[in-house]
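Asker: Position chain B against the provided structure of chain R, taking the given hints into account.
2 protein chains.
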Amino acid sequence: MKQSLTPAEAQGIIQDETPVLGPERVALSDALGRVLAESVAATRDLPPADNSAMDGYALRSSDVAGASAEQPTRLRVAFAVPAGSTPTQEVEAGTAARILTGAPIPAGADSVIRQEDTQLEGDDVLVKVASPPRDNVRDVGEDVRSGEVVLPAGRRVGPAEVGMLASLGRTVVTVHQRPRVAILSSGDELVEPDGDVAGGRIVSSNSYSIAAQCAEIGAEPVYIGIANDTREDIDRHFRAALRADVIVSSAGVSVGDRDYVRDVIEKLGCSLIFWGVKMKPGYPLAFGRFSGEAGPLVFGLPGNPVSAMMTFEQFVRPALRKMMGFPKWYRPVVRARLGETLTKKSGRLHFVRVTLERRGDEITAISTGNQSSGVLRSMTRAQGLLIFPADASEMSEGSEADVQVIDEAFFSSEKPAF
Amino acid sequence: MKQSLTPAEAQGIIQDETPVLGPERVALSDALGRVLAESVAATRDLPPADNSAMDGYALRSSDVAGASAEQPTRLRVAFAVPAGSTPTQEVEAGTAARILTGAPIPAGADSVIRQEDTQLEGDDVLVKVASPPRDNVRDVGEDVRSGEVVLPAGRRVGPAEVGMLASLGRTVVTVHQRPRVAILSSGDELVEPDGDVAGGRIVSSNSYSIAAQCAEIGAEPVYIGIANDTREDIDRHFRAALRADVIVSSAGVSVGDRDYVRDVIEKLGCSLIFWGVKMKPGYPLAFGRFSGEAGPLVFGLPGNPVSAMMTFEQFVRPALRKMMGFPKWYRPVVRARLGETLTKKSGRLHFVRVTLERRGDEITAISTGNQSSGVLRSMTRAQGLLIFPADASEMSEGSEADVQVIDEAFFSSEKPAF
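Going down the list, the sequences are from chains R and B.
Take 36 as the starting number for the first sequence in my numbering and just add one per residue.
Take 36 as the starting number for the second sequence in my numbering and just add one per residue.
Looking at chain R on its own, in the form it has when it is part of the complex:
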């Protein structure tokens, strides 16, 4: 087992061990937010035929070449083409066909005049403007040609993709599986949120924040529960988690008297790959993998609430995004100017929780205050995580730094752009 890695070394190892999950077929209505594991080719032309872009009259453009408001051209309305029907009649010279938006253009006609540019007189229509060939006609296959690949594998299914798949009649679609993430914690001091906190007990809040971190990116949390500090109970909880794709435990992987977790999971067939990452918060991170091709990855997160969220954020989140087939796994990174001077001991990379403020073209980062790994409030306030490099001991006010943006609303606008 490796020890005391840099964050970049840890990230590299985790990426190497993390598989992209295989395909599953899901109903179109469940596909939103998933990543396509197939390239979708069109099995039909869209639109399926030349059709009208307007409600109006299909006609021969040569018939109305000279039409104007002063000297309208009179055409006989020979028949009507409702939407959703196949026209069987032909538009002959001197005639027009009433047509509705989306209806197929009948043979003979080569353009459509908008209703607003006409006037009906008995069985005739007066056309008040010229209508060049193909005017208000949507071409067959203008959007999609049968056989074309319209959505490549690896594409996230958003609303437009849902609309496209529906248009092509695809009610079932092949996407990457979502990882099931078994979540557990250990510690005699831990209780559930509705539990009794008398006598210094505390809520096992990590499991809830971790489940939310999973759910937020579309992974499937499976909450196993709190193991007490006995080998037997830890063993029982891990066995319940073995069918997951990823196991995330918090607490229990340090060097304390009662930290049996490492022992227990090694006996269950887990190889620990590393322990300890030179970062703060979050040093005591363990990573391993159960044996066998489908053996779950295991992340042993630290017990402090901020450390648990931070190590999930930096390492588990990208791994889950990779598993789900996303092409980009990491948070947005912006350059920000420090609104204050920061200091630390050199040696570990610090992730400083900051708020972000736009000042003109610049972004200014201000620490959320107490950076103790016990202060969960620093995470509720944080919009970004400022990278304070391992070998630095001071970053002075006004200098620039990279900031991972964890508050997606940071980019949202208070106004539309019009």
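Treat each hint with caution, since some may be false.
It does not matter which identical chain is meant; a pair holds if it fits inside one copy or across any two.
The calculated DMTMM-like cross-link candidates involving lysine to aspartate or glutamate, where the alpha carbons are at most 25 Å apart (straight line), are [said to hold, decoys possible]:
| hint | residue 1 | residue 2 |
| --- | --- | --- |
| 1 | K450 | D145 |
| 2 | K363 | D174 |
| 3 | K163 | E125 |
| 4 | K363 | E251 |
| 5 | K380 | D145 |
| 6 | K450 | E44 |
| 7 | K313 | E435 |
Calculated directly from the structure, the hints in this document are not laboratory data.
Answerer: Relative to chain R, chain B alone:
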């Protein structure tokens, strides 16, 4: 009814008519992504008592002031404080208490020495470094003081907020209601995705893309179905939609022969507020409201797939976000340089579907190609919507424009920042 508004005028009217929805109480596990409709005050201190940040020994700092690796200080280990217990004994001078991370600091002790800085010898511990007062001690209430407001009303519930609420024992929380959005379409030419498209019929894909646009922001789509082009069927479908907070219909609000929708919904008690917005795609947008305080808002979207998505994007999406209590309703807007010259007729604002490419500090926008409102593929490719102002007729290559970013992955990184 107003006609032919600018997009800004339409936005203003919609905002004025759109209510923020009232509160509901939901389980913590359902609160992720919702917006708090209450200010959450702490009912307990976090942490609940002074406690140890490390596994080690609680002691009197004055006892080990002179300790060093060469001359360790010897203390008798008088008792142990497990996590999750209340210590009843006191640490006296010359003694220490074995303590685990998270366990309360026993009376008498004022600091904790890490296990790594000690050596156990029988019943004694050799302390190899000095430990200043409060060292490795987390203060009671360091994170949260009982009575403090820790999460303000209006805050989105993200993973850190879930963790905080769990820590405070809040298993039920008050959030803004989510709008139920009834979705329907009308047209004899429309079929469901598994329907028969022979004879020029097309899939009613709008309902599916609109449902996905709703779901993506946390609103609750209720798909009513396809009405055929009779007053009776349109009436029946709208009646089924009346209990929703918002009704979104597509097609059927133009000036064509069969566009009964306006008539029908006015008879049902809907006041149409405006029709027609000077934009492209998407001119034929209707907006209204049913009578009564809880009468649903009605958006009549155009039938073309791109126009339907675009008018939802520009007007329905912000309204739904307002209803859910979000403070910011609009997409991110970036400045981008045009990678090509764009032209149009002046008069309407165009939303040009573009791909975005970072080139150094700059973002370059390139049209997705055919901008016809029938080309849904332009929406599947688009990362942004470039604002081509109403009064402009040319925007030249190299000039700058505002772009609404609709692809959230655009901001994501391919690398972590470390």
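Asker: All hints, please: hold or fail.
Answerer: These are the hints, each one checked on the structure:
1. K450 - D145: neither (44 Å within a copy, 53 Å between copies)
2. K363 - D174: Classified as neither: same-chain Cα gap 36 Å, cross-chain 40 Å, threshold 25 Å.
3. K163 - E125: within (23 Å within a copy, 101 Å between copies)
4. K363 - E251: The answer is both: 16 Å in one copy and 19 Å across copies each meet 25 Å.
5. K380 - D145: between (77 Å within a copy, 24 Å between copies)
6. K450 - E44: between (42 Å within a copy, 13 Å between copies)
7. K313 - E435: within (22 Å within a copy, 43 Å between copies)
Figure legend: structure checked against the earlier numbered hints; hints not met, in rising order: 1, 2.
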